[in-house]
Amino acid sequence: MTRLALFLLVSFFAWDVNAQLSTQDSLRQGWLLTIGAGGNITNWADRGMSPLNYSATMPAITSDLYYGRKKAVHQLQFMGVQGQSSSSINTRTNTLYFHMIQNNLWKLRDQKSGYGIMHYLGFHAMTSYADHQHLQYTNNTHHYDFSLLAGPSYRVDWDFSFFQQNFRLATTALLPLSGVFIRPAFASSSLPAFINNQDEGFSAYLNSMQWARPSNHFRFQSEWSIEWFLPSRNGLQLRYLWDYRGYQPEFRGLQVGMHTLDLALIYRIK
Amino acid sequence: MKISLLITFALVLTLTSCEKLLFEPEIENNNQAIFEEIWNEVDQKYSFFEFKGIDWDSVYSVYDRRVNNQLGTIEFFDLMAEMLFVLEDGHVNISAGFDRSRNWEWFLNDPPNANQNIIERNYLGRDYRQIGPFRMQVFEIAADQNVVYLQYTSFASVISDSIIDFIVRSFKDNTIGMIIDIRDNGGGRVNGSRTLASRFCVEPITVSQRVYKAGPGRNDFSDPHDFVLEPGGENQYTNPVVVLTNRRVYSAANDFVLNMQALPQVTVIGDRTGGGGGLPISSELPNGWVYRFSSTQSLRYRDGFNVEAGIDPDIKVDLLPEDEAQGVDTIIETAFVFLRNVGQ
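One line per chain: the protein sequences are A and B, in this order.
In case it helps, our numbering puts the first sequence at residues 1 to 270.
In case it helps, our numbering puts the second sequence at residues 1 to 344.
Treat the hints loosely; a few may be bogus.
[Claimed, not checked] Quick list of simulated restraints, FRET-style, between CB atoms:
id, chain 1, residue 1, chain 2, residue 2, range
1, B, V158, A, V10, 39 to 47 Å
2, B, E203, A, H99, 42 to 50 Å
3, B, E88, A, L263, 42 to 50 Å
4, A, M1, B, F85, 46 to 54 Å
5, A, T57, B, E36, 30 to 38 Å
6, B, P216, A, L261, 22 to 30 Å
7, B, E203, A, Q82, 21 to 29 Å
8, B, E203, A, K270, 26 to 34 Å
9, A, L175, B, E203, 47 to 55 Å
10, B, S157, A, L135, 15 to 23 Å
11, A, W211, B, D43, 39 to 47 Å
12, A, A37, B, R66, 50 to 58 Å
13, A, W211, B, G97, 23 to 31 Å
[To be verified] Now the stretches of chain B that chain A is said to cover, found in silico as 3 or more residues with beta-carbon under 8 Å:
id, stretch
14, 171-178
15, 215-225
Don't read these hints as lab results, they were simulated from the structure.
All C-beta atoms in this analysis are idealised placements derived from N, C-alpha and C, irrespective of residue type, glycine included.
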């Protein structure tokens, strides 16, 4: 792990793929790889397992692949968090695992060149998987939710210079409107038990798939980031991501609000 | 454009700061609210009301009159324990720092059929091997006829693949049979029971079905989902196997018997198992208590038999008092005779 971190840092300062002048346009276009780490606070209420509300403070890892063209942006994002959560009466009673991959495609709608503001509208597809393991008991303690959703998204980039340094302030808003989700009405065994064929619950798990409708599902995600591009044309990014999701399938409602703050290294690949 | 940026920022800030308003509030921490929570959760998620003929609505009527917010902690705990006792289920408990309620009628009304002192002193002896969670001894039951005896008292103890593979590899060619004594095994990891059973399975066999409580109605169950036991590990033990049971065999141990009894070379000897065919789910309460109850049902595949009330052995044997008085375990001796006869 230490070697990987060292490699990333050395690459960050050494890697200069193109020594051309760093104009705002040239910074916006091309391939960027972002690797970040930070912290996450998750608040959640799972009425399938408890009448209590829980909160967890956990480490998070993130990674983005960004491809900017003159009039479009394509972004593939990954986030993973894992940690212990506590209720108002007990500490660290549950383990929470969360992974999310999402793909965004934005088309430039409006541009105020003089101000460096780019206004995009687009489309996203996201898949996320969460496992709340309750009380660390051995059987039947995993409460899963999985979703594959798509919907419109909105992005604003503001490129500006400050003390002769190039910055970008970006914000996105995602509203997944359709797709499917799996939120079983029952607790399940661990994923390895499914994979090792020790539990028949996986087919039941899949059978609980539902179409996401406004009556049974709501999700909203917003991200704010500030990026500082260095003379090497690599960069640093500070980002805040808020992701709220709520399921109300029959009698096991789930509501989750995730707040992630991370610091990332931006590598210009091409 | 800057205005739209500001509006977006303001909207997100409002939503994030109001996030907790979107959440359902927690229930209040008082006796009446906790009673309602327990009764409702059990009402919607417990899986054996019909199977056991329990009138849960009448239970509400009885206990609603007795609950009030003036009851002391222990008094209220005892009242809730008494209410849950009605479910006659070993997987139903309510746990506080000072006690854990339970209904153990499933074995207390029957003979124990196991004497651990006799097993330890007269069968395992001083030179048994402790292999992971197993206590193991080899017996010569006839000339050049050895059987390996394994005692396993809790599926909560993790069984590693390497340990089971070692046992199977060591004894598959030089013993005529195996005795797996799971008497007094109250369960643990269901996955462990299936991992162990897979070492005795030579071809896939559908053993059981599970239904899940999938809705709030008393009979809102999922479709049955088959469990197929498949051969596991590098080798399988194919010689005759005897599984010894008594009424304290429960939960994951009951599941082990269900799996093993489906295999052609396996014979179950002893008493009916205790049952416990429903996987429990757990919940926490705002006063710090934790409770659990069954939320699934397990059915034997070949005849749809619900294993909640236990599984009958193939050969019913009780520990005879006169044998016990002489330090003899009637059930182990019956297994020896059975394997000797099968081996001839």
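Checked hints:
1. B:V158 - A:V10: 39 to 47 Å: holds (42 Å)
2. B:E203 - A:H99: 42 to 50 Å: For H99 of chain A against E203 of chain B, whose Cβ atoms are near 37 Å apart, the range 42 to 50 Å is violated.
3. B:E88 - A:L263: 42 to 50 Å: violated (57 Å)
4. A:M1 - B:F85: 46 to 54 Å: Because 52 Å falls inside the window, the suggested range holds.
5. A:T57 - B:E36: 30 to 38 Å: Once the Cβ atoms are compared, 32 Å apart, the range 30 to 38 Å for E36 of chain B and T57 of chain A holds.
6. B:P216 - A:L261: 22 to 30 Å: violated (39 Å)
7. B:E203 - A:Q82: 21 to 29 Å: violated (39 Å)
8. B:E203 - A:K270: 26 to 34 Å: Distance hint for E203 of chain B, K270 of chain A is violated at roughly 55 Å.
9. A:L175 - B:E203: 47 to 55 Å: With Cβ atoms ~52 Å apart, the hint holds.
10. B:S157 - A:L135: 15 to 23 Å: For L135 of chain A against S157 of chain B, whose Cβ atoms are near 19 Å apart, the range 15 to 23 Å holds.
11. A:W211 - B:D43: 39 to 47 Å: At 28 Å between Cβs, range violated.
12. A:A37 - B:R66: 50 to 58 Å: holds (55 Å)
13. A:W211 - B:G97: 23 to 31 Å: Roughly 45 Å apart at Cβ, these two residues miss the hinted range, so it is violated.
14. 171-178: Contact hint for the stretch 171-178 of chain B vs chain A: violated, 0 residues under 8 Å.
15. 215-225: holds (count 5)
The structure does not agree with the numbered hints 2, 3, 6, 7, 8, 11, 13, 14 stated previously, though it agrees with the rest.
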